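Number of protein chains: 2
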Amino acid sequence: MAEVNNNAKKSSDLVIVDEDELNQEVQTNGFVPEAKESFLYDNALIESLSFDHLTCFNPKISPAQPGMNLRVRSLGSGDYERGFLDLLAQLTKVGEISKSDFLKRFNAMKSCQGTYHVTVIEDTTTQEIIGAATLVIEQKFIRGCAKKGIIEEVVVSDRYRGRQLGKLIVATLIEMGKALGCYKVTLNCTDQMIKFYCSLGFTQEEGNANFLQIRM
Amino acid sequence: MAEVNNNAKKSSDLVIVDEDELNQEVQTNGFVPEAKESFLYDNALIESLSFDHLTCFNPKISPAQPGMNLRVRSLGSGDYERGFLDLLAQLTKVGEISKSDFLKRFNAMKSCQGTYHVTVIEDTTTQEIIGAATLVIEQKFIRGCAKKGIIEEVVVSDRYRGRQLGKLIVATLIEMGKALGCYKVTLNCTDQMIKFYCSLGFTQEEGNANFLQIRM
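Chains A and B, in that order, give the protein sequences. If you read the first sequence in full-length UniProt numbering, its first letter stands for residue 1, the second for the next number, and so on. If you read the second sequence in full-length UniProt numbering, its first letter stands for residue 1, the second for the next number, and so on.
Isolated chain A (complex conformation) (with noise of 0.2 angstroms):
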C-alpha cells in the first residue's frame, strides 16, 4: 500500500508538453513515439493491482492480461493521434477539439496531482484507443481527511464488445481506488446500466440513491 501510493506520488508529477515537438513527430509519422510521451499518471500504478481476488471475470482477464494484443495504460500525450477523442463521441458529445486544447487539458488535469486518472485500452496492433474511463479523486476533510473516487466517462468501441473490456476497465478504477486509500467510489448510471455496475459490486444505498442535476 505504502509503495502503491508512492507511485501514485511520483505519478503526478508535472511533465510539461513539448507541443511543437510533439506536431513535428505526428507530421513526421503518424503516431508520437512512445519514449517521447507524457502519461497522465504513472503506469506502474496499474502494474501494482492485483486481480486474484476477483471472481467475475470469465476467462479471467487483468489489467496484465487484458487480451491478446490489448494494453491496459494510463491515458498518454499522443492519444490525441490514436483515436481517444473519436471513442469519447460514441459516449457523448465531444466537439471540435484542437490538438492544442487537448494538451491544455492534459497538462490542466496533470497539474492537479493524483486527480485524475483517465485510463484507456490500447488495441496494439493498430495503436487505436479502444476503450477509457475516467477515475476522479476527490479529496475531503470528512472521515479523517479522506479521498473518494469518482467514475465518469466509462465507454468501449462497439468493435470491442463481448471481450469483458467494460467490466475490465472499471475493476481497474475500483481497485486503483482502493490503492490510492478511497473509503468509497460512486458513480451515476442511466437505468440500463445498474445492473451492470452492480455485477461489479456497485450498490444503490436504501434512500440514498438520487442523482440530481441542473444544466446550465
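Simulated from the structure, these hints should not be mistaken for laboratory data. Note that the coordinates shown come from a computational prediction; the quantities given were computed from them, not determined experimentally.
List time: in silico BS3-like cross-link candidates among lysine-lysine, alpha-carbon distance up to 30 angstroms:
hint	chain 1	residue 1	chain 2	residue 2
1	B	Lys99	A	Lys147
2	B	Lys60	B	Lys195
3	A	Lys184	B	Lys147
4	B	Lys195	B	Lys184
5	A	Lys104	B	Lys104
6	A	Lys167	A	Lys93
7	B	Lys184	B	Lys147
8	B	Lys93	B	Lys184
9	A	Lys184	B	Lys99
10	A	Lys184	B	Lys178
11	A	Lys99	B	Lys184
12	A	Lys99	B	Lys147
13	A	Lys104	A	Lys178
14	A	Lys60	A	Lys195
15	A	Lys178	B	Lys184
16	A	Lys195	A	Lys147
17	B	Lys195	A	Lys195
Once you've looked at the hints, dock chain B against the given chain A.
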C-alpha cells in the same frame, strides 16, 4: 464572465500557510487574524455573483447580504479554530483531525488550481463557522473540454436553521459553477433532501438519476 474567470484564476494562486506562525497566533489570542489568513479560493469570486434574478428567497438574501452578523466566504486556513470540523460532524463522521492534518489537506486542495471551492458561513459576532458546502470543479475532455461542478458536504448548524441559509449556500455554489463555466452542476442526496434541491432548480433526469457506490 471574463472578469470572474480572472478572479477565479487569481484565487487559486498557491500561498503556503506557515503553520508555526499560525500556531503561534492561535496560542496568542485564540483566533488567526484575518490579515494573516490564507483562503482556499479568492473571495472576489463570491463578491462577483449576482442573485438579482433568483426568486426562491423570501425575504430576499444573497451572499453579499446573508443576514445580520453573517458572512459568506471561502474556507480560511484559520477555520480549524472556528469550528469548521465540529460543523461537519453534524453531517457525518469526521474523526480526529489535527491542525497539521487540516492545513495539509487545505494546501493540497489549494494546489489543485480552480478545483476546490469549500464555502462557509461565519457568524461574525462569535467567529464561528455555522454553515458550509463544497463545490468541486471536475475537468473533462467531453463537450469541448468542459467543466462540471459537484456539490458535496452541505451543512448548516442546527442552531441556525430557518434562516434560508442552506438554500443560500447551495444557490451560491450553483451561481459559482455558472461563473466558472460549468455545463452542469450535480449532486447526490438522500430521499428526504430531494424536495429541497428541486426547489433550487435541480432535477432527476428521466432514466439517468441513479447514484451507485462501493464502500471500501
